[in-house]
Amino acid sequence: MSAPGQPTANGPTSGAAKPVPEPTPDTQPFWDGCARGELLLQRCLGCGEPYFYPRPVCPACGSTDVQWFAASGRATLYSYVINHRPARGFENDGPYAIAVVQLAEGPRMMTNIVGMPNTPEELVLDMELQVRFEQRGEVSLPVFGPVGPGAPRPGGSQ
Amino acid sequence: MSRDQGVIIAGAAETDEIGKLPGKSTLQLHLEAAINAVADAGLTMRDIDGIATVNAPGPVQVAHSLGITPAWIDGTSVGGTSFLLHVRHATAAIRAGYARTVLVTHGESGRSRVGATPFPRGNSSIQGQFEAPYGTAGPTTAFTIPVLRYMKEYGLTHDQLAYVAVAQRSWAARNPRAMFRDLISVADVLASRLVAWPFHLLECCLVTDGGGALIVTSAERAADFPKPAVHVLGTGESAETPMISQLADFTESQAFLLAGQAAFAEAGIRAADVNHLMIYDAFAHLPIYGLEALGFVAKGEAGAFIADGNTEPGGELPLNTNGGGLSYTHTGMYGMFAMLEGVRQVRGEAAAQVPDARISVIVGNGGMFATAGVLVLGREAR
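So the protein sequences, as listed, match chains A and B. Per numbering that gives the first Met the number 0, residue 0 is the first one in the first sequence, and the count goes up by one each step. Per numbering that gives the first Met the number 0, residue 0 is the first one in the second sequence, and the count goes up by one each step.
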């Protein structure tokens with residue numbers, strides 16, 4: 000169980016007023032994947048390099064021959080801050096971490112850390128994390144939490 | 000003109016006041032700075048044939064308001080370093096013969112928000128989809144993220160990070176125009192309110208209103224102006240990422256590195272030749288990243304270099320001598336103020352004047368490690 004006011008592993012806290020991503024044609028497959036409980040990345044069929052964020056061209060070699068694939072959902076904590084001046088919609092969450100995780104496949108993404116206290120003592124760089132999905136309006140948002148029995152199975156939907 | 004002929008900054012000025020100016024709009028601040036810079040160069044608006052500034056209000060509005068009909072326009076808007084890029088682009092334009100006398104303006108009602116552009120991007124932007132949903136709320140919550148990684152990789156301590164603010168306050172204490180002038184200690188910094196751990200309030204820049212402007216022209220006219228010419232010896236620019244989460248290496252800025260290399264190569268200088276340095280300090284870690292990117296110290300050494308007093312008054316490498324964004328002023332796009340301090344130092348007219356400031360280097364940041372511009376300014380031509 001999370002500390003009072005912390006984001007939980009089980010869904011949004013204050014929810015409604017938090018920003019909801021609006022998919023665009025180039026990002027729609029990513030959000031469709033999240034809705035199924037899958038974290039999708041893209042991979043270049045030319046050079047093999049996986050990448051994030053969604054875009055129609057490989058940033059490593061310029062090829063447009065790219066495909067979507069389901070990532071493992073495993074990651075490590077790369078860096079973060081603990082924000083004490085909440086963004087709109089986050090007022091009831093208490094100080095919350097805005098983190099960047101290193102996905103097992105290589106790319107990094109911004110996220111929140113759920114299912115554990117967001118304190119400097121608990122959030123240790125390079126700790127292992129696992130993707131979870133949190134409903135935000137019409138969108139399922141990838142967030143990350145500790146690896147453990149309570150964590151959803153990789154690639155599985157909630 | 001041939002490529003070998005130089006370019007100078009012939010006029011440079013800030014708005015009459017900087018700080019809290021609720022009675023002035025963004026556009027007014029641009030115009031006041033422009034009028035002051037043109038007067039500083041002993042010119043009139045009729046002498047200006049090139050205009051450069053950011054959107055908004057943009058070069059068309061600023062030129063029209065001042066009665067300038069430009070033959071050359073630059074509206075590059077890539078954050079707080081834009082004005083350094085304007086000087087770089089103006090240098091090329093003057094060499095190409097596209098313009099003779101270029102006015103670069105900055106004005107921003109960053110604190111009072113009078114006539115200012117709203118901030119938020121749409122939820123369908125890349126930032127709106129992949130960063131804002133996680134509760135980012137401006138640079139304090141995002142530009143700050145890389146430093147924890149840097150601390151782990153290179154052993155930078157919380158005290159060393161805090162000391163950046165202490166060192167800069169020692170310059171601000173000598174500058175009557177600085178917003179914060181009282182000397183502070185590491186304990187004071189660490190006792191200030193947590194903004195985004197590990198950053199405290201005093202490790203974050205001010206939010207102010209103000210403006211500044213520059214006049215760029217050819218060096219062959221150097222003797223025509225009332226103030227000593229400041230030669231533009233080298234320039235560089237680059238871009239890395241629109242999102243902080245996609246910075247290639249959280250312990251360095253590729254844009255700082257590339258822009259710095261270009262500027263030093265053009266000027267034909269090395270770090271050891273630099274007498275005065277300005278590094279855009281929206282937050283306390285930026286001087287650390289800048290010192291290392293431009294090779295003033297080795298990777299991982301900048302925190303200790305600053306904490307040892309090397310960048311303070313009397314130190315070997317005077318840094319952010321106006322007090323910087325942390326103590327002097329920070330309107331939102333601070334780059335103009337960093338350049339103006341470089342000009343004042345090279346001219347010998349700064350409030351906290353560095354002895355024998357022959358070569359000044361300005362390192363500008365745009366967005367959150369999104370873009371960079373670097374200028375090498377000098378008292379003599381190359």
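Bear in mind the hints are in silico, worked out from the structure with no lab data behind them. Do not take every clue at face value.
[Unchecked claim] No farther apart than 25 Å at their CA atoms in a straight line, the calculated lysine to any residue pairs in the SDA-like style are these:
| # | chain 1 | residue 1 | chain 2 | residue 2 |
| --- | --- | --- | --- | --- |
| 1 | B | Lys151 | A | Arg107 |
| 2 | B | Lys298 | B | Gln260 |
| 3 | B | Lys151 | A | Gln66 |
| 4 | B | Lys298 | A | Arg107 |
| 5 | B | Lys151 | A | Thr118 |
| 6 | B | Lys151 | A | Gly105 |
| 7 | B | Lys151 | A | Leu124 |
| 8 | B | Lys19 | B | Ala172 |
| 9 | B | Lys151 | A | Ser62 |
| 10 | B | Lys151 | A | His83 |
| 11 | B | Lys151 | A | Val123 |
| 12 | B | Lys298 | A | Gln129 |
| 13 | B | Lys19 | B | Ala115 |
| 14 | B | Lys151 | A | Leu122 |
| 15 | B | Lys151 | A | Ala103 |
| 16 | B | Lys151 | A | Glu137 |
| 17 | B | Lys298 | A | Val123 |
| 18 | B | Lys151 | A | Val138 |
| 19 | B | Lys151 | A | Pro116 |
| 20 | B | Lys19 | B | Lys151 |
| 21 | B | Lys151 | A | Asn91 |
| 22 | B | Lys151 | A | Glu104 |
| 23 | B | Lys151 | A | Glu127 |
| 24 | B | Lys151 | A | Met115 |
| 25 | B | Lys151 | A | Met126 |
| 26 | B | Lys151 | A | Glu120 |
| 27 | B | Lys298 | A | Leu124 |
| 28 | B | Lys298 | A | Arg73 |
| 29 | B | Lys151 | A | Gly136 |
| 30 | B | Lys226 | B | Lys298 |
Numbered hints the structure breaks, given as an ascending list:
3, 9, 12, 16, 18, 20, 21, 28, 29, 30
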